[in-house]
Structures are given as C-alpha cells and as structure tokens.
Amino acid sequence: METKPRLLTILDGVTIILLAVATALVFFFTPIEAVMGNVQKVFYFHVANAWVGMLGFMASAIAGIAYLRTGKRSWDIVGMASVEISVVFLLIAIVTGSIWARPVWNTWWTWDPRLTTAAIMELIYAAYLLLRQGIEDPDRRARFGAVYAILGFISVPLTFLSIRIFRTIHPVVIGNADPSAQGSFDMSPAMLRTFMFSLLVFSFIFADLLWHRIRLGHLADKVEQLKLKVTQ
Amino acid sequence: MKPDPALTNIQAANSSMTSSRPLASFIRATAAIVWKDLAAELRSRELLSAMLVFALLVILIFNFAMELDAKARATVTSGVLWVTFAFAGTLGLNRSMAMEKDRGCLDGLLLAPVDRSAIYFGKAIGNLVFMFIVEVIVLPVYSILYNINLFRPGLLLVILLGSVGYVAIGTLLASMAVQTRTRDVLLPILLFPLVIPVLVAAVKGSNGFLQGLEISEIMPWLNLLIVYDVIFTAIAFMVFDYVVEE
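Protein sequence lines correspond, in order, to chains U and Z. Quick note on my numbering: the first sequence kicks off at 1 and runs consecutively. Quick note on my numbering: the second sequence kicks off at 1 and runs consecutively.
Just chain U, same shape as in the assembly (with noise of 0.2 Å):
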C-alpha cells in the first residue's frame, strides 16, 4: 500500500489555509458595492468556481487528445478526475449566480449566453459521466470518454458563440463592458486584489483534488488488479 506523497499533505494544508484567506479577504477587506450592496460579495467565488469548470474541461480535453495518441492510462484516469471535479464547481457557479441574479436582474435565470452555456457545459459533463457509465470494457471507456471530451471542448465556443449574437445581459467583468449590461461595476483595487486572488485560491483548490482524485483512480486500477489475481 502506498503512502500519500508528503507534498500533497503539504499542498492540502496550504489550500485550506489560502482558503480561508480569500473567505477572510471577501467579508473583511473589500468594500461593499455601492448599487448592489452585499449580494455582489458572491461575485469573488462565483466567477472562480466558473474558472473551474472551464479549467476541468480544457484539461479533459487535453487529457483526451493525450490519451488518443499515447494510449496511457493515466491519462484517462486524469481527464475522468477533471470532469469529475468540474461538474460540481460548475453548478456551485450556477447556483451562485443565480442567488447573484435574483435581487439584481430579478430573477433566477435568464436565457443569457454564459448563462445557457454553463447550462450545456453541465449537460455535456453529465453525458459523459452516463456515456462512461454504460461501457464496461475499460479500454473502450476511456477511448469514447477521450473522444467525446475532445467533442465537447471543440461545441462548447461554438455554442456561445450562436447565442452570443442575441444581446446579453450578464455583466463583462473583465474587457470591453458592454453598455448595455446590468449589474456591472467597477471594480476598486481591493476588489481587484481579492478577486484575482480568489482565482488563484480556487486553481489550488482544483489541483489538490485532481491530484488526489488521480491518486484514487491509480488506487481503484491496484484494487481491480488485486482482486483479478484473487479470484484466479
């Protein structure tokens, strides 16, 4: 049985504490937005769980290509881990958003580009969940989850960019803002500081449990082969 590698104990402590930092940063250090008041707090973590789900899915599909041209299994067993991981950051920013959305567009969802895109990203996630769910064949499972995630990363810019040509409403926080939008603001410094830092609290967050979900697969891979050998 292998031992957890001292550096991932090392990396879970540092994200607890950088964790706590940025929840710290968010009540206490910014200020609060003069239109929207304290709801737009929510902002600082919604966006960085978004920024999660769209790291897990540019990496499955990384893993996937990988996967095809190498053939190694721990590639699968990555692009498995960032799907995993993202279909649950991904709704958190949909739930978020929506507690954002109701007091200031008044209402919990509106047909908005990012909005339905996020909405298709989880239904593509949650196909591939069911898709690998229904192959028993290991090789097979991991060949369809390689090429469905490639699938997905290539339809998802195309899918934003269909509904991108009605008008929107969400709020461009970085770039060009569109004059039109409501609930955008400017951000002051301190905002700024702890929004990039929750970015980059969240992408520790999403490397630790990839590193430790990876770590699970390899386990589940050592426990499969085991049981294999028992039963010859």
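Keep in mind that the hints were calculated from the coordinates and are not lab data. Beta carbons: idealized from backbone N, C-alpha and C, even for Gly. Mixed in with the good hints there might be a few duds.
So the derived list for chain Z, only partly shown, Cβ under 8 Å to chain U, looks like this [to be verified]:
| hint | residue |
| --- | --- |
| 1 | 181 |
| 2 | 197 |
| 3 | 224 |
| 4 | 228 |
| 5 | 231 |
Following the hints, complete the assembly by docking chain Z onto the known chain U.
Frame of chain U, contents of chain Z only:
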C-alpha cells in the same frame, strides 16, 4: 540472393496502385457502403418508414401543443421543423448503426481492407440521404397542412447545411452509442448538447428566410453553419478510427 523479378514487379504494381490512386479507391469504398445502405433500405423500408411516420406525428403533436394559428405559425414554423428533423434524425441514426452492430455487420465492415474513414463517410452519406428524403416529404406536407410556402431556395440551403452538420456529428456519436449498454437512450443525450449550435443557427437562419429578412442579417447564421459543418466533419474524420477500434 537476387530478388525475384516477378515479385518486384508485383510489389511495384501494388505500391503504384495504392499510392497513385488512393482517392479513387477511397471514393469507391465510400460509394459501396452508401449503395449497400440504400439497397438494404430499399428492400426493408423499415428505417425510412419509421422516420417518416415519426416526423409526421411530431408535427401533429405540435399542432395540438402550440395552437398553430396563422399568427403563431409565422414565428414558430422554423422551430417546429427543426425539432421534427432533429427527433426523426436520432431515430434514423440509431437504427442505421444498430443494424450494423446487431447482425455483426460492423465487424465485417471493419475487416474490409479499406480506410476506416471511408466507412464513416459511407454511413454518414447514407444517413444524410435518409434525412433528405424525410425532409423532402415533410416540407410539402407541412406546407399543405399549414398553408405556408416552404419551398424557398434560401430555406432549402439552410436545411441542407444544417442536415450536413447534424449528420456529421450524429453518425460519429451513433457509432459510439451502439457500443454501450444503454444505447437507445444514450444517443440523444450525447448528441443534443453538442448539436445546439447547429440547431440555433438553423432555426434562426430558416426563420430569417421565412420572414424575408435582409441577407446581411442571415449571413452570420449561414457562416456559423458552414464553420460547424467543416470543423465537425474534420474532427469525426480524425477520431473515427478510435471509435471503431477493437
């Protein structure tokens, strides 16, 4: 030992055959698969009849579900048409691949000494032909039932481009879905989230032509359809080998 001259001749002939005319043999293989599908369908007619009856039923259900009066018709026609095509399409895609799988024909096809992507293009073109046949019958029926002229060149172009994109990704996913345990349920779940750009662009493009909008307003949708068709045909061409690998 000197090489046998006859043998080298054969090798040379072989290599010139494969290197100088790969395209011709690729097209021949693709055409053979398309022909096989069409001939099988001509004799059994099980796929087309199921797709057609289903498509007509969907239109009928929409009639009751949405109160398609004259005013509503002008705005929802393109949506109703594309939902019909998409649903009937999954039926056809599923059936055409399940047929290969059930009777062990897919293994036979894979054993054939042709490029694997020729199999993909053959199946995709076959599916596209079935889809066109369904559309060619649904359009006049819809025109008669709802008293609206659907035979406009622009609309037909949108339907052509949309069907190509839908079938390009649909054939690939269907060949994945039939190899899983939950295949009949899985195809729509895999297909619909990926095909949304096609459906959005096709519905908007069709609507533009039906409402007689300026061509400059419809152009973005046509461009998007063309981009989708090209990208997903290319991707399917690249990854199909991995999907049918045994």
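Hint-by-hint comparison with the structure:
| no. | hint | in the structure |
| --- | --- | --- |
| 1 | 181 | 5 Å, holds |
| 2 | 197 | 4 Å, holds |
| 3 | 224 | 6 Å, holds |
| 4 | 228 | 6 Å, holds |
| 5 | 231 | 6 Å, holds |
In the structure shown, no violation is registered for any of the earlier numbered hints.
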